[in-house]
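Q: Here are the chains, one letter per residue:
There are 2 protein chains.
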Amino acid sequence: MDFDGILGLTAAINGSLADFFDREAGFLKEVGTELDPVADALGHFLLDGGKRLRPLFATIGFLGAAGEVTPEIIRATSSLELVHVCALIHDDVMDASDTRRGAPAIHKQFEALHETQNLHGNSDQFGVAAAILLGDLALIWAAKALHDSGISPAAILRSLPIYDEMRVELMAGQYLDVYEQALASESVERSLKVARYKSGKYSIERPLHFGASLAPDFNSEIIDIYSNYGLPLGEAFQLRDDIIGVFGDPEVTGKPAGDDLREGKRTVLVAKTLSLASSNQRIEFLRHFGQNELDITDVHSMREIIVDTGALNELEAMINEMTVKALESLLGGGIAPEARTLLEEMAVAATKRSS
Amino acid sequence: MDFDGILGLTAAINGSLADFFDREAGFLKEVGTELDPVADALGHFLLDGGKRLRPLFATIGFLGAAGEVTPEIIRATSSLELVHVCALIHDDVMDASDTRRGAPAIHKQFEALHETQNLHGNSDQFGVAAAILLGDLALIWAAKALHDSGISPAAILRSLPIYDEMRVELMAGQYLDVYEQALASESVERSLKVARYKSGKYSIERPLHFGASLAPDFNSEIIDIYSNYGLPLGEAFQLRDDIIGVFGDPEVTGKPAGDDLREGKRTVLVAKTLSLASSNQRIEFLRHFGQNELDITDVHSMREIIVDTGALNELEAMINEMTVKALESLLGGGIAPEARTLLEEMAVAATKRSS
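If you read the protein sequences in the order shown, they are chains R and Y. For the first sequence, the numbering used here assigns the number 18 to the initial residue and increments by one for each residue that follows. For the second sequence, the numbering used here assigns the number 18 to the initial residue and increments by one for each residue that follows.
Don't take every hint at face value.
The list makes no distinction among identical chains, and a pair is therefore deemed to hold if it is satisfied within one copy or across any two copies.
As the list claims (entries may be wrong) - Result set (SDA-like, lysine to any residue): computed pairs, CA atoms no more than 20 angstroms apart in a straight line: (1) Lys369 - Thr87; (2) Lys342 - Lys369; (3) Lys46 - Lys210; (4) Lys68 - Gly119; (5) Lys46 - Leu64; (6) Lys46 - Asp181; (7) Lys369 - Met335; (8) Lys46 - Ile179; (9) Lys68 - Ile260; (10) Lys46 - Leu200; (11) Lys210 - Lys342; (12) Lys46 - Leu209; (13) Lys369 - Leu248; (14) Lys210 - Val48; (15) Lys342 - Ser202; (16) Lys369 - Leu24; (17) Lys210 - Asp53; (18) Lys210 - Gly49; (19) Lys68 - Glu362; (20) Lys46 - Glu206.
These aren't lab readings, by the way, just hints derived from the structure by calculation. The structure displayed is predicted, hence computed values, not measured ones.
Just need the whole structure built from these sequences, with the hints factored in.
A: Set out below in structure tokens:
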């Protein structure tokens, strides 16, 4: 299969997801027209946005293990995007986040459907119920996309243990995150642990492992290389997320300015800020932190504190250090050259992005 | 593997689930002690109750296809109980049901943990978030239990398409149910459609198919027999559920008396009652239906209406008719004799139960 770098792979992944969606939406429609909104909402969520980071890493992980990319492999690696769709839909319910990629979150869409159709009961509750089920369905579709991909039975069987572990780690990481928020912890170390489980493993390391496991020549050496690359890069990726959550441009992120501050998200950036803040800065910061009615002036003053304490610079330095560490892991060989180049590009894409 | 009828199989399934849980709980504990409450709550939910209906049907489905039951097969069929745990945990969040089997629902348990530990933020929101994640984890564990069961690779691969379809149908059925409640539909036909998807297929037919697919000699003839048995019996099962939800003894069901009436659940029983009610009975019934503060006197007067309209009798007749239809499907042969006897027993267990 010919493709032209990361853009070409992304296009192939998008095409594969669109095909999968068409087939599965057809099945839902057979059950009944009541399910049309479910299919529509999932289709838009899946196909209108997303950087396909996890399918990309999985495909490159496969390439690096000397695999030859085929449409079947793309179908299998694309399945990771559906796992991610589940995580995002459920995440928005758990955080009570109302927007995602500039559009209403799924629970808000179904809340609106409930209102428009003048249905009985509580619109809010209906929205949450629908979002829980759509997330569940995405998780099930993910498995189905892998199982139905057309890759060899041996490849499916090799991939399942890693696939399962990845998903367990994801949910464990999500719980750690929710619990951490509730603890209102200010520990940098603890928030780094959450970042490690939530993103370090799930966003990069495990997709690489999963992709490698699809290749017939997959061995434990490449698994180690991918861990050495994926774990630091995954953390750097999450730290970049922390920065975007505070400094991101709403036009680019699709979320309101300073959204993480409004939500009171306990990120590494916040923990760093609080550990470096003077007592005045600390009081000022915590006075606004997690306040729903935060306006743009408050966001600016909090951003100033984050910059003035040096926390932003420290995070940038950490991102840099971890990215360098990730790139160094590629120097020892053991990965197919084409994949190595792509991994270098992906390290930049994952950590220098603005959304 | 020797076992003594349904009780023996149930014991084997329970043992298998306990072993699986121990192993997986160990993994969660390695991630961090923060996850102890997750493991504890899932362990109690999985192991303290449940009739193991779906694993039983799957195991019998396997036996009927001339399979020989082994501990590996029991591990594979037990995985269906974990799918069900996901459905129940998420269902309780969606319905805002506070109790399950006489104990607080998972979201209420984590709401209480949030309060006891004096955590930050909204206890209610924390409870919902935890329950969403625990349900997700149960769904993932279900797949893992199947994949790690030790059955042959060929058997795993044969089972995956049915396993996936079953799970998609489950979530589609759950959405139909949620939507039907919101429509406040009074159509008997529509509520039967929901019953068909929600239970008809998911509780009996699909577990039988899944079990059959684990057997090397599985063929399309047995799939048809299981549909002819499972679909009517699954509907009968759901209708019995409707009756228990209104007339069940709280000591036996672990739910408050008349809980479905309090929740305003749009069941076939309710649709039948409304279609048969006089205008006075209708007014009286709807005055109470779905009222949170329903007391036992109200429940009694609603039960009286359900009996007086003849709706209860009609439902009992439908259950009887469907059960007979299910049993007739076994007469044509095509199923191993041992399984046929067990299916006859299961038809009684599924439709004559009181919880």
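Q: Indicate, hint by hint, whether the structure satisfies it.
A: Cross-check of the supplied hints:
{"no.": "1", "hint": "Lys369 - Thr87", "result": "neither (29 angstroms within a copy, 54 angstroms between copies)"}
{"no.": "2", "hint": "Lys342 - Lys369", "result": "within (15 angstroms within a copy, 65 angstroms between copies)"}
{"no.": "3", "hint": "Lys46 - Lys210", "result": "between (43 angstroms within a copy, 15 angstroms between copies)"}
{"no.": "4", "hint": "Lys68 - Gly119", "result": "within (15 angstroms within a copy, 45 angstroms between copies)"}
{"no.": "5", "hint": "Lys46 - Leu64", "result": "within (18 angstroms within a copy, 37 angstroms between copies)"}
{"no.": "6", "hint": "Lys46 - Asp181", "result": "between (29 angstroms within a copy, 17 angstroms between copies)"}
{"no.": "7", "hint": "Lys369 - Met335", "result": "within (13 angstroms within a copy, 64 angstroms between copies)"}
{"no.": "8", "hint": "Lys46 - Ile179", "result": "between (33 angstroms within a copy, 19 angstroms between copies)"}
{"no.": "9", "hint": "Lys68 - Ile260", "result": "within (18 angstroms within a copy, 50 angstroms between copies)"}
{"no.": "10", "hint": "Lys46 - Leu200", "result": "between (44 angstroms within a copy, 19 angstroms between copies)"}
{"no.": "11", "hint": "Lys210 - Lys342", "result": "within (18 angstroms within a copy, 57 angstroms between copies)"}
{"no.": "12", "hint": "Lys46 - Leu209", "result": "between (44 angstroms within a copy, 18 angstroms between copies)"}
{"no.": "13", "hint": "Lys369 - Leu248", "result": "within (17 angstroms within a copy, 55 angstroms between copies)"}
{"no.": "14", "hint": "Lys210 - Val48", "result": "between (43 angstroms within a copy, 10 angstroms between copies)"}
{"no.": "15", "hint": "Lys342 - Ser202", "result": "neither (28 angstroms within a copy, 60 angstroms between copies)"}
{"no.": "16", "hint": "Lys369 - Leu24", "result": "within (17 angstroms within a copy, 60 angstroms between copies)"}
{"no.": "17", "hint": "Lys210 - Asp53", "result": "between (41 angstroms within a copy, 16 angstroms between copies)"}
{"no.": "18", "hint": "Lys210 - Gly49", "result": "between (45 angstroms within a copy, 10 angstroms between copies)"}
{"no.": "19", "hint": "Lys68 - Glu362", "result": "within (14 angstroms within a copy, 53 angstroms between copies)"}
{"no.": "20", "hint": "Lys46 - Glu206", "result": "between (48 angstroms within a copy, 19 angstroms between copies)"}
Violated hints for the displayed structure, listed by number in ascending order: 1, 15.
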